[in-house]
Every structure is written in structure tokens, then in C-alpha cells.
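Starting from the known structure of chain A, arrange chain B on it as the hints suggest.
Protein chains in written order, with my numbering: chain A, 110 to 236; chain B, -17 to 127.
What the hints contain is simulated information worked out from the structure, not anything from laboratory work.
Where is the CB? At the ideal position from N, CA and C, for every residue including glycine.
It cannot be assumed that every hint is accurate.
[Said to hold, decoys possible] Restraint ranges, calculated between C-beta atoms of paired labels, are given here:
no.	chain 1	residue 1	chain 2	residue 2	range
1	A	Ala152	B	Tyr94	47 to 57 angstroms
2	A	Arg112	B	Gly57	30 to 40 angstroms
3	A	Ala200	B	Arg95	37 to 47 angstroms
4	A	Asn192	B	Ile88	20 to 30 angstroms
5	A	Pro199	B	Ala41	16 to 26 angstroms
6	B	Gly57	A	Gly132	26 to 36 angstroms
7	B	Val106	A	Ala125	31 to 41 angstroms
8	A	Ala125	B	Leu19	19 to 29 angstroms
[Claimed, not checked] In silico contact screen, one side only, chain B against chain A (beta carbon under 7 angstroms); selected entries:
no.	residue
9	Arg3
10	Gly18
11	Val22
12	Tyr24
13	Leu27
14	Ala36
15	Ala76
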Amino acid sequence: MMRDQKLWTWHLAAGAVILVFLGLHMTVMHLDKIVLLASVNPAGGHPIDWQNVLARGKSAAFAVTYVVLLGAALFHGLYGLRNILFELDPARGLKRAISAVLLIVGIGLFVVGTWAAIASHTLAKAM
Amino acid sequence: MLETRAHPNRLGIWGWLGGGRWGAERYLYTLHRLTGLGLVTYFLLHILVTSSRALGPEAWQQAMNTVTGPVFKVGEFLVFLAFAFHAVNGIRLALIELGFGVGGPIEPIYPYRTSLDVQRPLAVVALLLAAVLAVMGTLNFWVLD
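The following block holds chain A by itself, in its conformation from the complex:
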């Protein structure tokens, strides 16, 4: 039980991290016409236009915060999902299987996302 208490504390801590970085992410992506951030949307148009993606990719700060947000959100989301599933009181073996699958999915997507953050940063600096 001690272990789950620790994981729960990490869940809260990850929530605080997500609050900051996902707050920024949502502001950049979806509140760009209200909260005017000229430096973040340099090419004008939409935040997902390639020129803007490229501009963010050039920034090392963006690359680092992407990885931080990726890790925090993966843990927070998958641990939350695990809590919901565990509340349905599955058998012990099924619980282990759920934990294993979520762990593998989490690590796998963390690897993919971290690769994308680094590779796109490298690509953007070269372009």
C-alpha cells in the first residue's frame, strides 16, 4: 500500500507540472487568437502550420518542456486510468496484466515522443 501512496503523490505532483505546461500548450494552440503571443506564432496563420511548428522546433526550451510534459502527462494519465480500472476490482492476475500493459504503453510512447522532440529540434535547426 505504501507503494500506491507514493504513486498517488507522484500523480498529484505530475498534475501540478501538467497544469503549467499543458496550460501553456493549450494557450499556444487553442487560445492564440485571444491571448496574443506573437513570438510563438511567428508565421501567423494557424499554430499547426508547418512554419510555426518549425519555429517552435528551433527552440530548445520547447523541446525540453515537451519531454517534461510528455513524461508527466503519460504518468498522470495512465496512473489515473489504472486507478479507474482497479476500482472495478479485477482479479489479482488481471491487475498485474493491466499494470504491465500500461507500463509498456507508457514507456513506449515516452520513447516515441522523446525521439520526436529531439529529432524535430535537430531537423528544425538544420532547416
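Same frame as chain A, now just chain B:
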């Protein structure tokens, strides 16, 4: 998992939907779960789709073209609304759990000082804040875009 063995979740999924004898905040709990499930589902796919940016402009454009159109736009808007609620309600939950600004737990007896004088106003403020974010998002998605 002694706790769950001693108190089995008898109602299962249906227990999430009803307020039962709990207060109005029980519905916020249900909504926190639903939005959480929605957000995590979106997020896992979002990682895969946006990672295509590392392969260059053509791959990025191709990925963006597959997630365009009214259905995706409405879906994205729902994700924004889920984020607005989940974030603000999450702050509320953390404050209550840690006792920051709302005081420690007391026995739930009449006149329910903590629940009615502190936690209920906090829930109202949280919902108002989420509503403000929702309005900002609505303007950005549908009016100014």
C-alpha cells in the same frame, strides 16, 4: 489490495453515474473521470500523430490532413472543454486533499461547516473558472478562427 477486497466496488461503472447520498460534488467526480478518460485517449493518439513532425514537412502535412474536417474540429473542441474542466477541478481536488486554504477535514456532522461553507463555494468558483476558459476556447475555436 486489502482495501478493495474489504470494500468491493459493488455498483461498478453505474456507481460512477449517480450522485447517491453524496453531495453535488459527486457529479464533478464523475465528470472528472469521464474527462480524464477522454483526455488520456486523445493524448495517446496525439503523441503518435504529432510525432510525425520529426519526419519533415510532408509527413507533418499528411498527418494534419488526416485529422482535419468538422468531426475532428468538434472533437478537438471537446478535448479543450475536457481540459478546462479537468484542470480546474483538479486544482480543487488537490486543494481539498492537501488542505491548502480549505482547512483540515472535520467530522461530517450538522451544520457541515467545511462542506457547505468552504468546499461548496470552492466548487462554484472552480466551475465558474472552467466556464471562463470554456468561453475563451469557444471564441478562439469558432468565432475568431
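Okay, the hints, checked on the actual structure:
As the Cβ distance of Ala152(A) to Tyr94(B) is approximately 55 angstroms, the hint placing it in 47 to 57 angstroms holds. For Arg112(A) and Gly57(B), the hinted distance range of 30 to 40 angstroms is satisfied, since their beta carbons lie about 36 angstroms from each other. The given range of 37 to 47 angstroms is respected by Ala200(A) and Arg95(B), whose C-beta atoms sit roughly 42 angstroms from each other. Between Asn192(A) and Ile88(B), the C-beta spacing of about 26 angstroms keeps the proposed range 20 to 30 angstroms intact.
In this structure the supplied range 16 to 26 angstroms is violated for Pro199(A) paired with Ala41(B), their Cβ-Cβ distance being about 39 angstroms. Separated by about 21 angstroms at the C-beta atoms, Gly57(B) and Gly132(A) break the suggested range of 26 to 36 angstroms. Between Val106(B) and Ala125(A), the C-beta spacing of about 23 angstroms breaks the proposed range 31 to 41 angstroms. Taking 19 to 29 angstroms as the suggested C-beta distance range, the pair Ala125(A) and Leu19(B) conforms, at roughly 21 angstroms.
Interface hint at Arg3(B): violated, since its Cβ lies 19 angstroms from the closest Cβ of chain A, which is beyond the 7 angstroms cut-off. At about 5 angstroms, the closest approach between the beta carbon of Gly18(B) and any beta carbon in chain A falls short of 7 angstroms, and the interface hint on this residue holds. About 4 angstroms separates the beta-carbon of Val22(B) from the nearest beta-carbon of chain A, less than 7 angstroms, and the hint is met. Of the supplied interface hints, the one on Tyr24(B) is violated, with its beta-carbon coming no nearer than about 10 angstroms to a beta-carbon of chain A, more than 7 angstroms.
The criterion of a C-beta within 7 angstroms of any C-beta in chain A is not met by Leu27(B), whose closest approach is roughly 10 angstroms, and the hint is violated. A cut of 7 angstroms between beta carbons decides the hint on Ala36(B): the least distance to chain A is about 4 angstroms, and the hint holds. Against a cut-off of 7 angstroms between C-beta atoms, the interface hint on Ala76(B) holds, since the closest Cβ of chain A lies about 6 angstroms away.
Against the hints set out earlier in the document, violations occur for numbers 5, 6, 7, 9, 12, 13.
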